[in-house]
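Undergrad: Sequence:
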Amino acid sequence: MLYVITGPPASGKSSWIAARARPTDLVIDLDRIALALAGPGAPQWQHDETLLKVAHRARFAALDEAIKHRDTVDVYLIHTMPSAKARARYRRLDAQIVTVDPGRDIVMQRVADMRDPAMTAVATRWYNQQAKYRTQTVTRQASRAW
89 MLYVITGPPA SGKSSWIAAR ARPTDLVIDL DRIALALAGP GAPQWQHDET LLKVAHRARF
149 AALDEAIKHR DTVDVYLIHT MPSAKARARY RRLDAQIVTV DPGRDIVMQR VADMRDPAMT
209 AVATRWYNQQ AKYRTQTVTR QASRAW
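Using my numbering, the first residue of the sequence shown is number 89, and each one after it goes up by one.
The set of hints was computed from the structure by calculation and includes no laboratory data. Heads up, the beta-carbon is just placed ideally off N, CA and C, and yes, glycines get one too. Mixed in with the good hints, there may be bad ones.
[Said to hold, decoys possible] Below, simulated EDC-like cross-link-like pairs (lysine to aspartate or glutamate); rule was C-alpha separation at most 16 Å, straight line:
#1 Lys141 with Asp117
#2 Lys156 with Asp182
#3 Lys156 with Asp113
#4 Lys141 with Asp119
[Claimed, not checked] Distance windows between CB atoms, simulated:
#5 Asp204 with Asp159: 36 to 46 Å
#6 Ala130 with Thr160: 25 to 35 Å
#7 Thr212 with Ala146: 24 to 34 Å
With the hints as constraints, model all of the structure from the sequences given.
TA: Below is the structure:
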């Protein structure tokens, strides 16, 4: 099964996956890919443009290969704000799209506490665009211990 996990920055997408995925499942997370590709001491979330380009290409390649194996393992893909084209592809792949959103106030507080200030704009954009996709499953979960 392919699970596409969406949600604003700092919403708990990784925690949602950690609570469900087995060690043999595949998790495709742009932040983890970028961190794996970055040099020592690189920031956990705020990546430079070149690193992000390489990480995006690696994510696309990982997804292309992973979907070939979704009959034997679950594939979890974090995609914060998939475009209409990406959502159409995920539907063609029979993906289950899960939105993790503990609420705007919680997200904005987490972003203020733990993320680069630029992530406030990303979270705001996510909430503004989310109205288009409200038919998807919305999951609220308790906050992890930050």
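Undergrad: Each hint needs a verdict: does it hold in this structure or not?
TA: So, going through the hints one by one against the coordinates:
Restraint check for Lys141 and Asp117: satisfied, since their Cα atoms lie roughly 14 Å apart, inside the 16 Å limit. Restraint check for Lys156 and Asp182: satisfied, since their Cα atoms lie roughly 13 Å apart, inside the 16 Å limit. Pair hint Lys156 plus Asp113 holds up; C-alpha atoms about 13 Å apart against a cutoff of 16 Å. Proximity of Lys141 to Asp119 is assessed by CA-CA distance (about 12 Å); at most 16 Å being required, the pair is judged to hold.
Checking the proposed 36 to 46 Å range against Asp204 and Asp159 shows it holds: the Cβ atoms sit about 39 Å from each other. At about 33 Å, the beta-carbon gap between Ala130 and Thr160 stays in the expected band of 25 to 35 Å. For the pair Thr212 and Ala146, the supplied restraint of 24 to 34 Å holds, since their beta-carbon distance comes to about 28 Å.
In the structure shown, no violation is registered for any of the earlier numbered hints.
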